[in-house]
Structure formats: C-alpha cells, structure tokens
Amino acid sequence: MENELAISKAGYDDNNVVTTTQYIVIALGTEQYGIDIKYIDNIVRMQQITRVPQVSPYWKGVINLRGEVIPVMSLRVKMGLESDVETKNSRIIIIKQDQHEPIGVLVDSVKEVVTLSSNQVEKVTGEAKEDGYVSGIGKQETGLISLLDIEQVMQDM
Amino acid sequence: MDVSQYLDIFLDESREHLQNLNTNVLALEQDSENMDTINEIFRTAHTLKGMAGTMGYKRMQNLTHDMENVFSEVRDGNIKVTSSMVDTLFQCLDALEEYVTTIQETSDEGDNDNQPIINALNACLDAKGGEAPKEEAPKKSKKGGKKAKEAAPEEKAEKAASEVTAIQLNEDEQKAVEDAMLANKKLYSVLVKVQENCLLKAARAFLVFKAIEEFGEVVAANPSTQDIEDENFEFEFKVLIAADGELDPIIAAIKSVSEIADAFGGIFEGGSVESGETEENAAPEAAAPAEKEQEAKKETHEAKTTEVAKTESAAPAKSGGNAPAKKAAGKPAVNRTVRVDIEKLDSLMNLVSELIIAKNSLVSSATSMGNNNSQLNDHIEYLESVTTNLHESVMKVRMVPIESVVTKFPRMIRDLSKKLNKPIELYMTGEETELDRTVVDEIGDPLMHLLRNSADHGIESPEERASRGKPEVGSIYLDAYQDGNNVVIEVKDDGNGIDVDAVRRKAVERGVLTEDQAAAADDNEIINLLFMPSFSTAKQVTDVSGRGVGLDVVKSKIESLSGEVDVKTKLGEGSTFSIRLPLTLAIIQALMVVVGNEKYAMALGGIQTIEDINPSDIKTVQGNEVINLRGNVIPLIRLDHVVGVESTRAEDENMVVVIARKGDKLAGFVVDELIGQQEIVIKSMGKYINKCKFISGATILGDGEIALIIDANALI
Numbered sequence: 000m001e002n003e004l005a006i007s008k009a010g011y012d013d014n015n016v017v018t019t020t021q022y023i024v025i026a027l028g029t030e031q032y033g034i035d036i037k038y039i040d041n042i043v044r045m046q047q048i049t050r051v052p053q054v055s056p057y058w059k060g061v062i063n064l065r066g067e068v069i070p071v072m073s074l075r076v077k078m079g080l081e082s083d084v085e086t087k088n089s090r091i092i093i094i095k096q097d098q099h100e101p102i103g104v105l106v107d108s109v110k111e112v113v114t115l116s117s118n119q120v121e122k123v124t125g126e127a128k129e130d131g132y133v134s135g136i137g138k139q140e141t142g143l144i145s146l147l148d149i150e151q152v153m154q155d156m
Numbered sequence: 000m001d002v003s004q005y006l007d008i009f010l011d012e013s014r015e016h017l018q019n020l021n022t023n024v025l026a027l028e029q030d031s032e033n034m035d036t037i038n039e040i041f042r043t044a045h046t047l048k049g050m051a052g053t054m055g056y057k058r059m060q061n062l063t064h065d066m067e068n069v070f071s072e073v074r075d076g077n078i079k080v081t082s083s084m085v086d087t088l089f090q091c092l093d094a095l096e097e098y099v100t101t102i103q104e105t106s107d108e109g110d111n112d113n114q115p116i117i118n119a120l121n122a123c124l125d126a127k128g129g130e131a132p133k134e135e136a137p138k139k140s141k142k143g144g145k146k147a148k149e150a151a152p153e154e155k156a157e158k159a160a161s162e163v164t165a166i167q168l169n170e171d172e173q174k175a176v177e178d179a180m181l182a183n184k185k186l187y188s189v190l191v192k193v194q195e196n197c198l199l200k201a202a203r204a205f206l207v208f209k210a211i212e213e214f215g216e217v218v219a220a221n222p223s224t225q226d227i228e229d230e231n232f233e234f235e236f237k238v239l240i241a242a243d244g245e246l247d248p249i250i251a252a253i254k255s256v257s258e259i260a261d262a263f264g265g266i267f268e269g270g271s272v273e274s275g276e277t278e279e280n281a282a283p284e285a286a287a288p289a290e291k292e293q294e295a296k297k298e299t300h301e302a303k304t305t306e307v308a309k310t311e312s313a314a315p316a317k318s319g320g321n322a323p324a325k326k327a328a329g330k331p332a333v334n335r336t337v338r339v340d341i342e343k344l345d346s347l348m349n350l351v352s353e354l355i356i357a358k359n360s361l362v363s364s365a366t367s368m369g370n371n372n373s374q375l376n377d378h379i380e381y382l383e384s385v386t387t388n389l390h391e392s393v394m395k396v397r398m399v400p401i402e403s404v405v406t407k408f409p410r411m412i413r414d415l416s417k418k419l420n421k422p423i424e425l426y427m428t429g430e431e432t433e434l435d436r437t438v439v440d441e442i443g444d445p446l447m448h449l450l451r452n453s454a455d456h457g458i459e460s461p462e463e464r465a466s467r468g469k470p471e472v473g474s475i476y477l478d479a480y481q482d483g484n485n486v487v488i489e490v491k492d493d494g495n496g497i498d499v500d501a502v503r504r505k506a507v508e509r510g511v512l513t514e515d516q517a518a519a520a521d522d523n524e525i526i527n528l529l530f531m532p533s534f535s536t537a538k539q540v541t542d543v544s545g546r547g548v549g550l551d552v553v554k555s556k557i558e559s560l561s562g563e564v565d566v567k568t569k570l571g572e573g574s575t576f577s578i579r580l581p582l583t584l585a586i587i588q589a590l591m592v593v594v595g596n597e598k599y600a601m602a603l604g605g606i607q608t609i610e611d612i613n614p615s616d617i618k619t620v621q622g623n624e625v626i627n628l629r630g631n632v633i634p635l636i637r638l639d640h641v642v643g644v645e646s647t648r649a650e651d652e653n654m655v656v657v658i659a660r661k662g663d664k665l666a667g668f669v670v671d672e673l674i675g676q677q678e679i680v681i682k683s684m685g686k687y688i689n690k691c692k693f694i695s696g697a698t699i700l701g702d703g704e705i706a707l708i709i710d711a712n713a714l715i
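Chains as they are written, first to last, in numbering that gives the first Met the number 0: chain A, 0 to 156; chain B, 0 to 715.
FYI, nobody ran anything at the bench for these hints, they're computed from the structure. Being a predicted model, the structure only gives us computed values, none of them experimental. The C-beta atom is built at its ideal place from N, Cα and C for all residues, glycine as well. Misleading hints may appear alongside valid ones.
[As the list claims (entries may be wrong)] Derived coverage of chain A by chain B (criterion: at least 3 residues anywhere in the stretch with Cβ under 8 Å from a Cβ of chain B; other residues may be distant):
1. 39 to 51
2. 61 to 69
[What the hints assert, rightly or not] Pairs of lysine-lysine, DSS-like flavour, derived with a Cα cap of 30 Å:
3. B/Lys598 - A/Lys87
4. A/Lys95 - B/Lys598
5. A/Lys77 - B/Lys661
6. A/Lys95 - B/Lys79
7. A/Lys77 - B/Lys686
8. A/Lys37 - B/Lys690
9. A/Lys77 - B/Lys690
10. A/Lys95 - B/Lys491
11. B/Lys686 - A/Lys37
Throw the hints in and build the complete structure from the sequences for me.
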C-alpha cells in the first residue's frame, strides 16, 4: 500500500467559517489517531473478551457492557498492524452511531481530548481516501494526528 | 355520538364473524341439511349486518342483508343449498372481507357496491321459485316473511302501546313535540329492548337512533339521550319519534339492529293513554292529523304535570321490578379477557430477562461465598423457582393457539380444489398448539405457500390418481404438535412427491449445478435446491404457484423466526414439509458445557442423554466418527474442532458426549466438561459478528461472563 497521502490545502471552509471539532486521541503503536467525539458513547477498561469462532480475525469477540452483548474489534488488525498486546493501558472505546448497533474498538491507550478547528485539519482526498480509514490529518504543536473516518470503518464490516 | 371509538371493536368482531361464516359455510357445503349450521350462519350474518349498520357502512350492510335473505330462505327450507350458491356465498364473504380491509385502511367502506354479487344472491332467491312451487313468488315471500315477523310485535305493540306511550318530556322536548305537531308530522312513541347480553348498549342505541333518523327525528328519549350515550339505562329505553311516514318501517329498521331484542310502539298522543283521554284516542288514525295534533298539543300542556308525576313513579318501579328478575334468568357470560398491547408484553418479558440475569448473579455469588449459609441457599432456591414460574407465566401470556392462522386454510383449499379441478380434502390436527404471538403472526404466509404447493404440485389430477390406484380425492394434512421446546407444523400430502431426478435435471439446465455435481449430490442436497430463489419445477406456471417464489420465501421466513424447514418425500407417495419453531425466543433452559477453556450453552430441549464414552468405542464410517449407542449408530461431532480450540482432555481419556436430537436424527457432541443446567437469557450478538451459523446468540452468566449459545440443530 502506498503511503503517500494526497493532501490538499483546505485552509478555509466554503463559507470561510472556522468550525471546531473535538477528537479523542488514541495510540496504536507509535501512531496517534483521532476519533470524532460525537461517535463515542463510552470508554471502558480492558475486560474479559469472549472469543467468537469463525469470524474475521479483526473481531476479538464480545464483551458484557452492563448487560448488553457488544462485539469488539481490534483496530490494529483492522488497520493492518500487528496484533494487540494487552496492557494496563488498553482500552475499549464504545462507538455508537444512530443507525448502527454499538461496537467496541480495542486500542492501545487513550491519550487526551483535543479540539481542532477546521483550519488545523488537512482533508485527505483522492485515491488515498478511497481505500483508507483516515479522512484527514490534524496538525498540532505536539505532532500530527490521523483522523479516523469511523463511518467508513463501520461500513466496511 | 362518535362511532370511531368502536371502530377497532367493529373490525375485530367483523373479522371474527367472517371467519365464523367461512367455516360454517364450508361445513354447510359438506352437510347442507344441518339446521344448527344454518342457524348459526343466519345469526352471524344478522349480527354482522347490524354491526355494519351501526357503524354506518351502508354498502356492507346491504350486501350482508341480501346474504341474510338467502340464509333465511334456506333456514325456512324454501331453497336448497347448491354448490353454485356456496360459491356465491364465498364471493360474498370475500367482498365483505374486502370492505373490512378497506375500512381498516381508510375508515371508509369504499364505493364498490358489489352489485354482481348482490344480483347473484338474488338469483339464488329466485331459483327457489322452481324448487318450492307451493310458496309464493320469491320476492313476495321475502316480504311476507318479514311481514310475518313484524306481525307478532304489532299485536304486542297494541297491548303495550298504553304502557309505551307514557314518556317523560322536559320543556325542550315538549317544545320539540309542539314544533313537530305544527309541522304536520306524526308522533310515535317506541319502546326498544336491548338484549341482556349486549356488551355495547350505547352503540346499539346509537344504531337505533341512526336507523330512526332515516325516517324521521327523535324528539325525545327516556332516559335522556345523554344517559343513553353513557349507557345509563337498563335493557330498554323509550324514544319519541316525529316522522312523516308509517310506524311499521321504523319498527322494522330498529329491529334490524343487532342485539336489539324487541321494539314496539304506537302513536303518541301528546299526553298519555293513562291520563284518561281514551275516548279521543279511540280512532287516532281516522281523525285528520292536523286537527288531532293541534288538540293533542293543548292537552299536552294541561296533562303535563300529572303525566310527569305518573311516569316518574311508574318508570323506576318497572325497571326496579323487571330488571333484576331478568338478570337472574339469563346471566350474560362475563368476558374475562384483557386486550394488551404486544409492546407492553415485550417490555414485561425484557424485565423478566433482567430479573433472571440478576438472579443468576446472586446464585453465582452465593456459590462463591461457600455453602455454609443454608438459609441463604433456601432463599435463593425459592427465588429461583419464583423467577422460573414468572418467566413461564409471562411466556404463556404471549402464547396464542395457531388456530387463528389455520382456520382460513380449509376455505383456501376448497377454492384451490375448484380452481385446479382436483378434489382435495384438508385434514387439520393440533390447531390448539400454542406459539409465541409474534411467531404466530408470521407463520401464516409460509404455511399458505406450503399448502398451495401441495395442492398444485403435490396432488395429481384425479385421472392420474385413479390410474395409480389412489383414491381420487387427494388428501393434505396440516398437523401441529409440540415436541420438547419446539413446535412442529407439518404439511403432508399423498400426492406425487418430489421427482428428485427432475429437480436434478432442472438444476443442470438452469446452470445451478454442473452435470458432475448433480450426479454426485445426494437426494437431500437436490431437494434442498428447491428452497433456492427462483427454482420451480412446475411445468406450467399457474396462478396458484409455479413462479419460483414460495419455497425460498418460506425458508427465509422460518429461519428469521429461528426455525427450520425440512422435507421428506417419496416419489409417487407424497411429501412432508415440516416446520420446526422454537417455543420461545428469549429465555431457555440450557446445558452449560466447557470446550477447551471456553464456556458454551446448549439448549436443553434437544438433548436426550449424556454419555461417557471410551475412545476405543469410536468407529469410523466413511471417514466420519460414529459411536454405537444401544443399537443406534450416532455420528460424533467434536465441538473443540467446530469452535476451533484445543481440547483439554488427553486422547485416551474417556469422553463426555452430549446426545442431541433434531427430528429423527441424532448426533453426539463431544465436550470437555459439563457445568450443569441453567436458565439463560438469549441476547443477540448484533449483525456484525453473527456470521457463524451454529452460534445462535450469547448469554450473560451470573459472574458477568459471556457464554455463546451453540445451536445443535445447525450442526446435526
């Protein structure tokens, strides 16, 4: 897979209005990813995951979240990274979208919440966008954050 | 008064009556002399007519009226039930059903008069002329019959007239009476008696008022209109009618209202017969109305005070005296059912599920605390039995007999039999078998498909049957019964059966299978092709079936209900389609097992025994492991292989084998450990992760851990 991202300078929105969005920053290995806070229902500590036979490898299994059975996926495996190593920092992010059933996403750790204004975000377009789960790159003093396109991730299952 | 509040009841009741009529007309065709059936049909039709009338559905009322006429003639023995008449009656029932459907959708009956059917019904009446010549001409006798019916009340009316005409008037009503008199209208006082088992007295009363409005105006009522609307009356009420025409048609209209026991009355004399104006009343009709009424008006004023006093004392005495006696005589059956929204039951069921999970947690904490507190254990055991009973009760509340779905089938088979020119009989058993309401609502269509299939593809033409030495009349059986935690519904026919080779050829022709695949596939695999979309073997496409939709719809529908469909067939002898459905969808008794280090639940329903098997007893047949258990050769399924874990048992160690049954097939599931029996709540795993067929869901154990539920049926 080509790692070149076609980045377009989208400094200004159409109406020249600068909007801000909050992201939760998570770590997968050495990289940082941002997930739009509006999709996030909850963040829970690592807990026992019941394996489900004969499903795609990125499904880790199901957990019991206050009486609901929720499937949990490994974002690492899904993104093509090597499989997870459970640590005390591992977290499960519960993602809920209106039309979809909730799912859990297993990540290495949850760092912080950042607020990015639209002019801090470079949109990813073209080919790179089509086959990836990154919708944009957020620029911060502390470094770059790949912004995950959750809808794309959910659609791809 | 607004009738919309009665609409639901009207729709429900009409459907019930129509179903009843369907069943009875069908019975009538078999046994056209049975007076009980004829009377029952007549009664039902009459009630239906009254209901349609109450609700103001004129077209529906007219059609039912004409149908009722036919039944009335049949009842009187004036005409005989013929096959063509039954056809007409069924058409008529279909048309009525259409009205009901239209009413349900639009609250209006639509504008289809169904004149052809009405004509056909009248033709049935006319046909009588030839068959029963001693009677008068049909039309006349129809009237005659009616007249005769009215005659009796008329006599009664005369006797009762004096009692009836005593009606209380308030000032407004008095004014209305005067106005009516000035307008040269005739005033009639009528006593209406409602049947004592009538549930909706106000609705019936409303219908009476509506019927009266066809002829004239209700100027006064006793009790007051408001009281009647509020059902504040016993079983009778009096109305004062101002009309242009005669009294007879009004009385007849009132009596045509269903659940009206009787109605009679006479000309209202302004005051009362009782108040002493008998001389003037002697020839009421002879006197010129205008003059008469002018006089009456004056008298009314004078008589009013005494009259009111009289009736007031008379009325309570009457109701007080008569009503209790009547009640004692024929106590109406009290309806002891409640209609509940299914959503409320769903939420009740959810709560019960939560309670059972909580109870399971309690059980597991008590176990981990050790067994030294026997009192606690007693309480927990008690709680367990209560929650189990609670669950069963809630489940039972949701259960309805499949009867509501299957009663329409005899009629359908009859129609098909006519259409296809094949004599077919349908035999049904087990209509009382109960299933969850949601399941029952859904199985109607699949069953209909299967029955149509049997009638169209299964049963051969009479000539063919004769040449095969079978009885000319084909038989289709619809049997339902409970089998453990499942309900099985079988559709069986004694027809041709499935021609497996024809299906095989068709599969190759359609490119579904290659020649080699087709040759290699066994009969079962070939038969299962029939459940694929767009695969129909009927040589001719009829409008009954044969368009290639049906069996695949049946399969997907049943599977969506967590059930399954199975076919057994023998060429030349017939086929059996069996549908197996789970009794309940939410909470089951399960056997908890351990495979590798993982816990799994298996529904207890299908489990026969648990065996301890020595590995040396395992034989191999065609590469598959089997055991010989008391003479039965049972295939072994190693669950550790199925779920993909390492067994914790050594190769030479004895194995725990759970023997499960599906239909008449047995299989042995090899597990590592048994935990025990537990009541579990089935939770869906969602669509993302539910890709694997043999996992039917998950459940949350007492300690919060999740165990997956293995669907043994999918593996056998």
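Each hint tested on the structure:
Residues of the stretch 39 to 51 of chain A lying with their CB closer than 8 Å to a CB of chain B number 4, which satisfies the three-residue condition for coverage. Three residues within the 8 Å Cβ limit are the bar, and the stretch 61 to 69 of chain A against chain B gives 7, so the coverage statement holds. Using a Cα cut-off of 30 Å, the hinted pair lysine 598 of chain B and lysine 87 of chain A holds, with the two alpha carbons roughly 25 Å apart. Restraint check for lysine 95 of chain A and lysine 598 of chain B: the C-alpha separation of about 28 Å stays at or below 30 Å, so the hint holds.
Restraint check for lysine 77 of chain A and lysine 661 of chain B: the C-alpha separation of about 39 Å exceeds 30 Å, so the hint is violated. Taking the CA atoms of lysine 95 of chain A and lysine 79 of chain B, the gap is near 69 Å; set against the 30 Å cutoff, the hint is violated. About 18 Å separates the Cα atoms of lysine 77 of chain A and lysine 686 of chain B, which keeps this hinted pair within 30 Å; it holds. The hinted pair formed by lysine 37 of chain A and lysine 690 of chain B meets the criterion: a straight-line CA distance of about 28 Å does not exceed 30 Å.
The straight-line distance between the Cα atoms of lysine 77 of chain A and lysine 690 of chain B is roughly 17 Å, inside the 30 Å bound, and the hint therefore holds. As the CA atoms of lysine 95 of chain A and lysine 491 of chain B are separated by approximately 48 Å, the hinted pair breaks the 30 Å bound. For the suggested pair lysine 686 of chain B and lysine 37 of chain A, the alpha carbons sit about 22 Å apart, so the restraint of at most 30 Å is met.
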